[in-house]
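Asker: Residue numbers (numbering that gives the first Met the number 0), protein chains in the order written: chain Y, 0 to 98; chain L, 0 to 129; chain E, 0 to 135.
What the hints contain is simulated information worked out from the structure, not anything from laboratory work.
Heads up, some of the hints might be wrong.
[What the hints assert, rightly or not] In silico DSBU-like pairs for lysine-lysine, Cα to Cα no more than 35 Å straight-line:
#, chain 1, residue 1, chain 2, residue 2
1, E, K126, L, K23
2, L, K23, E, K123
3, L, K23, E, K133
4, E, K123, Y, K35
5, E, K133, Y, K35
6, L, K23, E, K109
7, L, K35, L, K114
8, E, K123, E, K109
9, L, K114, Y, K35
10, E, K123, Y, K84
11, E, K109, E, K70
12, L, K35, Y, K72
13, L, K23, L, K114
14, L, K23, Y, K84
15, L, K7, Y, K84
16, Y, K96, L, K7
17, Y, K96, E, K109
18, L, K23, L, K7
19, Y, K72, Y, K35
20, Y, K96, Y, K84
21, E, K109, E, K133
[Claimed, not checked] What follows is a list of derived Cβ distance ranges for each label pair:
#, chain 1, residue 1, chain 2, residue 2, range
22, Y, A57, E, G57, 46 to 56 Å
23, E, R4, Y, G87, 28 to 38 Å
24, E, I87, Y, D26, 51 to 61 Å
25, L, M0, Y, T27, 44 to 54 Å
26, L, L72, E, Q80, 42 to 52 Å
27, E, N113, Y, T27, 13 to 23 Å
28, Y, T20, E, E118, 24 to 34 Å
29, L, I18, Y, I95, 32 to 42 Å
30, L, K7, Y, H6, 32 to 42 Å
31, E, I87, Y, Q66, 52 to 62 Å
32, Y, K84, E, G57, 54 to 64 Å
33, Y, T27, E, Y116, 18 to 28 Å
34, Y, G87, E, G28, 39 to 49 Å
As the structure is a prediction and not an experimental result, all values here were calculated from the model.
In this text, a Cβ means the ideal position worked out from N, Cα and C, and glycines have one as well.
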Amino acid sequence: MENLLNHIVRSGAEIVIIDITGVRTVDTLVAQHLIKTVSAARLMGADCIISGIRPQIAQTIVHLGLQLDVTSKATMADAFALALKRTGQVMSRAQIKPT
Amino acid sequence: MEQIPILKVGRCLLVSIQIDMHDKLAMALQDDLTQKLVETRARGVLIDISALDLVDSFIGRMLSNIAAMARVLDTQTVVVGMRPQVAITLVELGLTLPGIRTALDVDRGLALINKLIDEPEGDSGARGAH
Amino acid sequence: MHVERTSTLEVRTSEDVVRVRQEVRNRSGAVGFSLVDQTKFVTAASEIARNTIDHGGGGLARIETITVPGKRGLRLVFEDQGPGIADIALAMQDGYSTAGGLGMGMPGAKRLSNEFYVESVPGKGTKVTLVRWKAT
C-alpha cells in the first residue's frame, strides 16, 4: 500500500488503475486492504479505478457484504479509456502520410 | 500565541500549515478562517497540509468543521498534499473527512477549486474517502 | 521484559500534547519504527494524551523503550486521577460521529497499536497502556 501511495506522490498521478486480473480469490482481508488503499489514495487526491474484476470476485464481494465504492471496469483497456476521459484527454489515430 | 497565516490568492484563501499545531492553535485557525471568509467573500479555501507528518482526530475534526462552515457560506474547500503515511493512518483511525475534496498539490487544488466555483454541477475531482 | 529507557512527561495543556507527540516521534525513530508505524503510534499517543486532558483532568505520560527476547518496542502509559470510565466497553466502541464522546480517541488508538490496555476505576482514575513493536 505504501509503495503505491509513495508512487502517487512521485509521479503526480491523479488516477490510479488497480488491476486485479491476477487475483484468484478475494477474501475479507484482501477486500479490506483494497478498500483501505483506495480510501488512502483518495485522501491524498488521487482517484482509483479497479480493473480486472472477474464475476466470481464481484460475487464474493457482494456475498461478504462489503462496500467497494469505487468504479470498476472489466478490462485494463476500459479502465484506461475511462481514466483518459476523466482527465480530459483523448487518444486519436495519427495520420501517417506516405513518403 | 502564534498565528497561522491566511493568504488570499485570486478567489481563494490559502492556508499552509507548516507546524505541529496544538489544539488551541487549531481552534484559532478555524475561527480566523471563518472570519476571513466572511470578510473577503472568497469562494474557495485551500488548505495545504503537505508539511504535516501527522493528522489526528482533532485536526481531522478541524478540517471537517472548516469545510462544513465553508459550505454554509457557499464556499468550496480543498485539502492538498496529504502525505501517504498520514492517509494510511487516517484510514486506520476511521476518519473519512466526508465532504472534503482533496488534490495532490496546491496547483491542482487551485485548479479544482476554480473548476468547482465555475461549474458547480461538475464533479470529477477526487473526494475524501467515504 | 526489560525496560531500556523511560521518560515521563506532564500532560496538562495542549502544548503538552505536542511535546508528547514529539517525544514519541523521537523514541519511535530511535527504536527503528518504519515511517508509517511511527505516524500511527504518534497519532495514537496524541489521541490518548488529549483524552487524559479532556476527560482525565490532566496526568502523566510515561514513554518506555522495552525489549523482550527477539524484539524491541515502545510502551506508552497514560495515567490520570480523573473521574474514570464507567463503561470501558462502551468507550471502546467506534463512536467518532458522536460529538464530545469519550469513545472518540480510544478505538482508533487501539487500531493504531499492537497492544492496548485500559484500566479504570470510576472516581479514582484511568490508566491507558499502548505498545507498538518494531516490525521484524
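Asker: Tell me, in ascending order, the numbers of any earlier hints that this structure violates.
Answerer: Hints 4, 10, 12, 14, 16, 17, 23, 24, 28, 29, 31 not satisfied by this model.
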